[in-house]
Amino acid sequence: MIPSEQGTAAKPTSKYRSQLRIYVDIMRVIQRENNEAKPTRILYGANLSHDRLVKYLEELRGLKVIQEGGTEDKIYSLTQKGIEFMNNFRRVESFASAFGFKI
Amino acid sequence: MEFIAFAIALAVAHQALKGYKLSKEKTLLYLNLSFVLLGAGLLIDGLANLVIVLARFHRAFLFLSPLGYTMNFVAQVLAYGLLVFAYIEQTRNVNIQIAMAAAPLLLFEHNAVTELILIFLLVYISAQTAINYSMNKTTNALLVFGAFASLAMSHLFFLLFTLAPVFFPFAHVAQLFGFLLLLAMLFRVNSPS
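Protein chains in written order, with the numbering used here: chain F, 1 to 103; chain W, 1 to 193.
Among these hints, one or two may not hold up.
What the hints assert, rightly or not - Below, simulated DSS-like cross-link-like pairs (lysine-lysine); rule was C-alpha separation at most 30 Å, straight line:
(1) F:102 with W:21
(2) W:21 with F:55
(3) W:18 with W:137
(4) F:55 with F:102
(5) F:55 with W:137
(6) F:64 with F:74
(7) F:102 with F:74
(8) W:24 with F:55
(9) F:81 with F:55
(10) W:26 with F:64
(11) F:74 with W:18
(12) W:24 with W:137
(13) F:102 with F:81
(14) F:64 with F:81
(15) F:55 with F:38
(16) F:38 with F:102
(17) F:81 with W:26
(18) F:102 with W:137
(19) F:81 with W:21
(20) F:81 with W:18
(21) W:24 with F:81
(22) W:24 with F:64
(23) F:64 with W:21
(24) W:137 with F:74
(25) F:102 with F:64
(26) F:81 with F:38
(27) F:64 with W:137
(28) W:137 with W:21
(29) W:137 with W:26
(30) F:102 with W:18
(31) W:18 with F:55
Since the hints were derived computationally from the structure, they do not count as laboratory data.
Using the sequences and the hints given, assemble the complete structure.
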């Protein structure tokens, strides 16, 4: 399970994204790029600064939901655990959205 | 019919709990508690009626009918109240302490006042889900709106039942239909994309 940021759960009115939402945004970009995304694509796709991107990629690697590959350029892909997490998240998001709740 | 609705309510509660564990979003916890309460109310009411039928309407067991209805009514008021609170918190981002209502000391039969309270809560929830559907335009949002609108209709029929007994089966069918719509939404959410 990926934890959300302590005490800063995202609300639709909030201008800040929760940690969980940022994780999901990063992983969505990787999935969109056929599970092989360069850092620059993730940076633009997830709308993050370079420093924050490095921090979050490191955290996601620590959680074993993404892995780093590539020889010259770094390439990130989702692990099996990451794919399963995204499938579960999609279900939860779809369920919450049916009731009009945002996560 | 109550037992089918009870099973569906528990399935919705389970899905909401899974969502809460994954996202830690409080509104999903409220949704879970709301459907646990709905399920508990339906189970108690269903069991009370079942005992009465099995006892062949013996006078000694007839008190179970108002007892079951009262407990179901209290559970529904708390459940729908919790959902209304979740919608208010989500839309206004307010942090209100939940005030637990004191348990009623009187036992209710089906009556106009209790049904009006439930209709009021369900109309509010139906309106919120209708707004959600008008923005999302997804089938799942339509199913949830249909479910709460159907539950509101069922309580309207229960209200009319206090005037004419002919509305009683319509009320139960509308209630079951509402829960079946929620079941359809659950199947869609969990179907592989």
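Which hint numbers does the structure go against, in order from smallest to largest?
Of the numbered hints, 5, 7, 11, 24 and 27 do not hold.
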